[in-house]
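*Asks:* 134 is the number that our numbering gives to position 131 of the sequence shown; each next residue is one higher, with no gaps.
Hints are computed from structural coordinates only; laboratory data are not their basis.
Honestly, I wouldn't trust all of these hints.
Pairwise CB distance ranges (calculated) [as the list claims (entries may be wrong)]:
#, residue 1, residue 2, range
1, Ile-64, Thr-174, 26 to 34 Å
2, Gln-87, Gln-178, 26 to 34 Å
3, Pro-177, Gly-128, 17 to 25 Å
4, Gln-178, Gly-90, 22 to 30 Å
5, Gly-173, Asn-94, 27 to 35 Å
6, Pro-177, Ser-79, 30 to 38 Å
7, Gly-128, Pro-57, 15 to 23 Å
8, Pro-176, Asp-83, 33 to 41 Å
In this text the structure is predicted, and so the values were computed from the model without any measurement.
Idealized CB from N, CA, C, for every residue including glycine.
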Amino acid sequence: METAMGMGRTRCGGAGNGEEVCIHVLIALALLLFTPIISNEASANANSTGGCIPSERSALISFKSGLLDPGNLLSSWEGDDCCQWNGVWCNNETGHIVELNLPGGSCNILPPWVPLEPGLGGSIGPSLLGLKQLEHLDLSCNNFSGTLPEFLGSLHNLRSLDLSWSTFVGTVPPQLGNLSNLRYFRSWF
Numbered sequence: 004m005e006t007a008m009g010m011g012r013t014r015c016g017g018a019g020n021g022e023e024v025c026i027h028v029l030i031a032l033a034l035l036l037f038t039p040i041i042s043n044e045a046s047a048n049a050n051s052t053g054g055c056i057p058s059e060r061s062a063l064i065s066f067k068s069g070l071l072d073p074g075n076l077l078s079s080w081e082g083d084d085c086c087q088w089n090g091v092w093c094n095n096e097t098g099h100i101v102e103l104n105l106p107g108g109s110c111n112i113l114p115p116w117v118p119l120e121p122g123l124g125g126s127i128g129p130s131l132l133g134l135k136q137l138e139h140l141d142l143s144c145n146n147f148s149g150t151l152p153e154f155l156g157s158l159h160n161l162r163s164l165d166l167s168w169s170t171f172v173g174t175v176p177p178q179l180g181n182l183s184n185l186r187y188f189r190s191w192f
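Based on the provided sequences and hints, a complete structural model is requested.
*Replies:* Now the structure itself:
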């Protein structure tokens with residue numbers, strides 16, 4: 004392409020109709036320039052919207068199987084994309100589950116005549132260990148049975164852990180001292 008001096012016009016070289024050749028050149032340049040951008044966006048979207056990691060989905064299904072759910076808090080836990088399930092938050096880039104936010108409605112902070120939504124019950128199984136990238140775990144205000152599970156001390160990426168008002172019995176296991184990244188911990192049983 005060359006610009007005609009003093010005329011303010013662009014002239015595309017080639018045989019035949021110069022304008023048609025110029026349009027084809029511009030389209031080819033645009034495709035060359037924008038193809039990498041479109042390709043990068045497509046791969047980023049594949050990671051962010053591709054759903055959760057199958058092994059982590061299996062860990063959640065196993066976790067759910069050990070629970071009682073009278074208030075249907077986990078009723079959305081169906082389908083392949085566990086990142087869309089109630090209380091489950093995933094990293095948009097990796098698809099890993101980073102937060103499990105399942106507070107129940109059974110906190111005893113309201114007067115007894117105020118109806119509360121029933122929380123989760125049962126026991127917390129070691130399937131949560133399959134959530135290797137888990138950073139935040141909130142199981143507060145539920146009706147769990149037994150002692151606080153020692154295996155929670157193996158969730159090394161945990162930064163916050165809220166187990167308050169969840170009816171665990173006993174003491175906090177020393178294994179929770181292994182959580183070197185933990186910055187927030189509530190454990191009123």
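*Asks:* Name the hints, by number, that the structure is in violation of.
*Replies:* none
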